[in-house]
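There are 6 protein chains.
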Amino acid sequence: MSKNKALITLDTRRGIFPGRFQPPHKGHGEVIKWALNRVDELIIAIGTAQESHTLQNPFTAGERIVMLKLMLSDLGIDYSRVYLIPVPDIFMNKVWVRYLEALTPKFHVAITRNPLVAQLFSDAGYEVMFPPSYNRDLYRSTYIRRLMIEGGNWKELLTPSVAKYIEYINGVGRLRLLLKGD
Amino acid sequence: MSKNKALITLDTRRGIFPGRFQPPHKGHGEVIKWALNRVDELIIAIGTAQESHTLQNPFTAGERIVMLKLMLSDLGIDYSRVYLIPVPDIFMNKVWVRYLEALTPKFHVAITRNPLVAQLFSDAGYEVMFPPSYNRDLYRSTYIRRLMIEGGNWKELLTPSVAKYIEYINGVGRLRLLLKGD
Amino acid sequence: MSKNKALITLDTRRGIFPGRFQPPHKGHGEVIKWALNRVDELIIAIGTAQESHTLQNPFTAGERIVMLKLMLSDLGIDYSRVYLIPVPDIFMNKVWVRYLEALTPKFHVAITRNPLVAQLFSDAGYEVMFPPSYNRDLYRSTYIRRLMIEGGNWKELLTPSVAKYIEYINGVGRLRLLLKGD
Amino acid sequence: MSKNKALITLDTRRGIFPGRFQPPHKGHGEVIKWALNRVDELIIAIGTAQESHTLQNPFTAGERIVMLKLMLSDLGIDYSRVYLIPVPDIFMNKVWVRYLEALTPKFHVAITRNPLVAQLFSDAGYEVMFPPSYNRDLYRSTYIRRLMIEGGNWKELLTPSVAKYIEYINGVGRLRLLLKGD
Amino acid sequence: MSKNKALITLDTRRGIFPGRFQPPHKGHGEVIKWALNRVDELIIAIGTAQESHTLQNPFTAGERIVMLKLMLSDLGIDYSRVYLIPVPDIFMNKVWVRYLEALTPKFHVAITRNPLVAQLFSDAGYEVMFPPSYNRDLYRSTYIRRLMIEGGNWKELLTPSVAKYIEYINGVGRLRLLLKGD
Amino acid sequence: MSKNKALITLDTRRGIFPGRFQPPHKGHGEVIKWALNRVDELIIAIGTAQESHTLQNPFTAGERIVMLKLMLSDLGIDYSRVYLIPVPDIFMNKVWVRYLEALTPKFHVAITRNPLVAQLFSDAGYEVMFPPSYNRDLYRSTYIRRLMIEGGNWKELLTPSVAKYIEYINGVGRLRLLLKGD
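Chains A, L, X, E, G and S supply the protein sequences, listed in that same order.
Under our numbering, the final residue of the first sequence carries the number 182; numbering is consecutive throughout.
Under our numbering, the final residue of the second sequence carries the number 182; numbering is consecutive throughout.
Under our numbering, the final residue of the third sequence carries the number 182; numbering is consecutive throughout.
Under our numbering, the final residue of the fourth sequence carries the number 182; numbering is consecutive throughout.
Under our numbering, the final residue of the fifth sequence carries the number 182; numbering is consecutive throughout.
Under our numbering, the final residue of the sixth sequence carries the number 182; numbering is consecutive throughout.
Don't take every hint at face value.
Put simply, identical chains are the same to the list, so a pair is met inside one copy or across any two.
Said to hold, decoys possible - Derived DSBU-like pairs (lysine-lysine); straight-line CA-CA distance at most 30 Å:
{"no.": "1", "residue 1": "K33", "residue 2": "K155"}
{"no.": "2", "residue 1": "K106", "residue 2": "K155"}
{"no.": "3", "residue 1": "K155", "residue 2": "K180"}
{"no.": "4", "residue 1": "K33", "residue 2": "K180"}
{"no.": "5", "residue 1": "K106", "residue 2": "K180"}
{"no.": "6", "residue 1": "K106", "residue 2": "K33"}
{"no.": "7", "residue 1": "K106", "residue 2": "K164"}
Derived by calculation from the structure, the hints in this document are not laboratory data.
Owing to the predicted nature of the structure, the values given are computational and were not obtained by experimental measurement.
Chain A with its partners taken away, still in its complex shape (with noise of 0.2 Å):
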């Protein structure tokens, strides 16, 4: 395994983390660099890419994929060893690791906590690889989309510039206003 080499060449190896990103936050940063240590290349799967403005998903793939750019750029991280790649959802579990085979570049390896994601790799004839875990109990979207209802201190779960883009598009409106068309 080869670290820190940013040149794609046709032996680069490569990890996936999938993930829906609703929003990107320091923990996913962290298995970023984490992951980014360990393979030549990332790619980062936004799943439920079809889906925005429900309570569980809020924003759209191509929202996600700014607040992910602009993350990687608050922490320094190099974007030319990363793909940023929507996924919709073709609800077919036994198929999923092959439709992600079709969208996205060969990989090698999966970086994934999610025991049912890693069991679907891992079936599939991929290596896993589990990240450590970077404070659960804070950098988790669904606390930090509870947050933001409610008026708590979301922003300092998220890299500076995805706080900033979040307040740019008014996401936190944007919640609140599916919780009342609920």
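Dock chains L, X, E, G and S against the given chain A, drawing on the hints supplied.
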């Protein structure tokens, strides 16, 4: 409009360049360079992303992403100003631009020479920029796929790493197989 | 804005009133009358059109179209100023208003009291008109379906022909069956 | 069978007339008049509703609804006896009639000259009525679209308001654009 | 009606028995035997075939086919009188029976205890046979999946080969994993 | 490899034979016999299962299942070693083999003469067996459908019960109708 500005900010001006990129060729490369002289960031929307292993669409979306990244590297184009985003078909032309809005970062201008595509963006309220024609007799993916099947000199129409990658995944063999299975 | 103008022309001003209408009740009737005082023609967009025979959506789109036409007749509303259009779900909120644009005549204003729906139309550049609330404690389809299941006086919340039609298709029996099969 | 009966009741007898109506022409108008002499109400099912901006299907479902309503007005046909219902494709011929049953009011007879469509309704247990042929050499949508592209006299095959509407939305320009982008 | 007639002919009388079979248990086995005393051939329609690796639907359609064939073998039921057919959901209840008609051999009677399913077949013109209840307190897939998670005696509710197969594919481990990932 | 072993066990070795079977002919029958000499059980995957009533795919999946079962009976092939499984298209070649894995019992080898299909199975890690060619000039479904339309001797290319069944459902009449409606 600000040129050569790599850092993403809240007022980054973006263009979108849709295509199927089966495969991406030097003509695409010229359009990308031309566009990056006119916008801060460029979204390359890789269409018909769900399809592969057909004569019209031999390569997966993931393979096309890799080819595009290799071409950017060959041409010295700054990847940090580019998004490579696979877009599955939705088969509703009237809605297609709005569907792109959901899957990609906010964009301000469309780059295309296809008159229908230009009209769809224009109908949706977007500025359209028509890039110059870069030797369209040669730089056409349909023509390149025919050269691959017939044993012509397809490599000189691609940048070196893309040609090497297609050899690596045996793209020519795949196309000839598809011709037999048709 | 021209009132009471039945004839369709090139500059007919249209409103769109989206709902599920499971079933259409007197409150819907009031909104329709209110809207037709403000636009030339009204598009009634019957959402979740693909679904029927569930507790949330017991009636088919076709049955809901008939109920709406019966209600218009009961209330003396001019059907020639109304479109009754079934709209299957697409499960992409961000694109939904544009999808309505493809399936319905061009409209200029949205009529809704749902804050999320209002926001989606507003984001898409449309004027939104909020109709007054017509006794929302009673005139709610969810409440009416519960009355139907529990044997309450659901008929008085509907216009007479709609109530008669629901009896004709044995709507109450269907709902109770769905409850058992749940 | 009751003729000329506008008011919807529980035993209204309905016909269904499926087509793509790209665009609706005088031949369609004759069929509609012929059918309304034989049923109380007529459902006009506008097929392939999801598609537009292609050479085969240039107009959106919403535009076709407007054209049909304009034609009814031109021909003095009572709109209150007609339903204009967009029907997206499902690509399962065997199920298609049952899908129509879900999206439209209950119907009793199908009106069509297409032998396959007639068979599908007949297999599903419906009576089929074959309308007379109204100058099929001229009154064909495919022929009319060709006249539009080639600059022929397409207007005389449509009723005046439909022709005017197509000019208003620049339908001829759209078709020629589609030809270029093909 | 002819009993015990294994050979398929043009007037074979068939029943259809729909279910999800997550997993197939002895109660299903009893229903199958009961039905085969009343029809020549039985279609076992395995619903929600697209889904697997969820708490409600842990097993793939293929795994459920294997389990059903193993159970038939355990119970000495003649497989040559049975069809095991996976049926993906279509999410349109009104059309569902017609969709079954497309995917399966022609059938004449439905076997079900679910009142909604019975109604849907009845609305589509089919005879419905209600099998007796075989100890529904125990023989329920939901209950069996709970026993699997909690370590109860789930095996005695299945036939021996099905229990052995679930162990072979580590079905209990899969369910517990799904519970953790929920 | 064990021959002539009818009983399903945990280590049953299975082959998969994909096709559209429009209609199944004697050539298919030869392949099935050839395959059953090499595997314990054979999965016959009936592709494009959603389509019927078109010139390319005149018969429903259910009709094709019946024809295949009739042919097995005509040829004295043991049905208890065969699975007849309808497979709707997913339009993603790259994922197709994995989708088959979800819908069918676990298989170990693919039986096909189609070079693309062989490659897809091979890419997915499966052994591929190429059956001998059984008079491909005659035993081709496309040719048989043409004979049916033109009044040629199509019956001799099918086994007797399949020919009789096609007459029973008036398959020739259906094909000619489709030709007219084309």
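Need the list of violated hint numbers for this structure, in ascending order. none
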